[in-house]
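All chains, please: the whole structure from these sequences, using the hints.
So for the sequence shown, this note's numbering puts the first residue at 20; every next one is plus one.
The hints are simulated quantities; they were obtained by calculation from the structure and are not laboratory data.
Given the structure is predicted, the values throughout are model-derived calculations rather than measurements.
One or more hints might be untrue.
Simulated crosslink set (DSSO-like; lysine-lysine; CA at most 27 Å straight-line) [what the hints assert, rightly or not]:
hint : residue 1 : residue 2
1    : 61        : 112
2    : 157       : 187
3    : 193       : 157
4    : 157       : 91
5    : 90        : 157
6    : 188       : 157
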Amino acid sequence: MPHVFGDLLEQVPGGSYNPADRFREKARAISLAWLNQSQECKVRDGFCWIQPVDLDISGLPCTDNSRSGLKKYEEGPTGPIFAVYAKRHIANKTPLLIIENTRELRLDVITLLLGDHFFLWQLWVDAEDGGHNGVSRKRTFVICSHQDRTSCMCDPFELYAAIAARVKKHIATKPSDYVTATDDEILREASHVALVRGSVQAPRVGPDVSSEQA
20 MPHVFGDLLE
30 QVPGGSYNPA
40 DRFREKARAI
50 SLAWLNQSQE
60 CKVRDGFCWI
70 QPVDLDISGL
80 PCTDNSRSGL
90 KKYEEGPTGP
100 IFAVYAKRHI
110 ANKTPLLIIE
120 NTRELRLDVI
130 TLLLGDHFFL
140 WQLWVDAEDG
150 GHNGVSRKRT
160 FVICSHQDRT
170 SCMCDPFELY
180 AAIAARVKKH
190 IATKPSDYVT
200 ATDDEILREA
210 SHVALVRGSV
220 QAPRVGPDVS
230 SEQA
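Shown next as structure tokens:
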């Protein structure tokens with residue numbers, strides 16, 4: 020069974036930083052704080068050791084970065100989460116990290132937290148790169164390679180571009196590929212939209228009804 024831990028901020032003692040401080044002060048305070056080696060596990064109903072990993076892929080909170088938010092970025096309430104995340108992986112010397120976020124993520128913040136220990140590459144990714152032309156989901160991925168524990172065998176930008184080109188050559192979805200509603204659900208949705216717009220939704224006549232009327 021996998022381990023499922025809760026709030027990442029619980030990996031440092033409460034009161035390790037002042038919430039009223041600016042981000043740099045919070046990050047420095049967190050870097051000097053004690054790092055808890057165990058945390059409550061939601062699967063085992065007890066405290067479990069936080070085991071080191073070779074690869075960490077994390078979608079860190081994007082609410083303070085996204086256009087729909089207040090754009091507080093690292094100064095927002097989720098900023099300390101990035102600092103605790105960095106502290107954990109610096110302490111463990113995790114070989115490879117991949118951070119996913121909205122494109123508004125500031126690389127200088129990741130550089131501040133991890134740049135002394137990791138090489139960083141920032142990729143700009145869209146769903147169509149994986150063949151999903153029918154949806155739009157622009158994201159950024161920051162690859163963090165530990166300076167002492169890894170070596171780069173291939174340029175990440177060139178590798179990603181080559182893979183994306185190969186995929187797009189053979190796969191390209193369209194919006195209708197994602198429609199899973201039944202005919203009845205589609206009809207009810209159309210009727211609701213017609214009601215909202217104040218237009219008339221003509222009832223659909225199936226083949227059996229047509230033949231009977233004929």
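#### Entry: Violated constraints from the hint list, given by number and in increasing order
none
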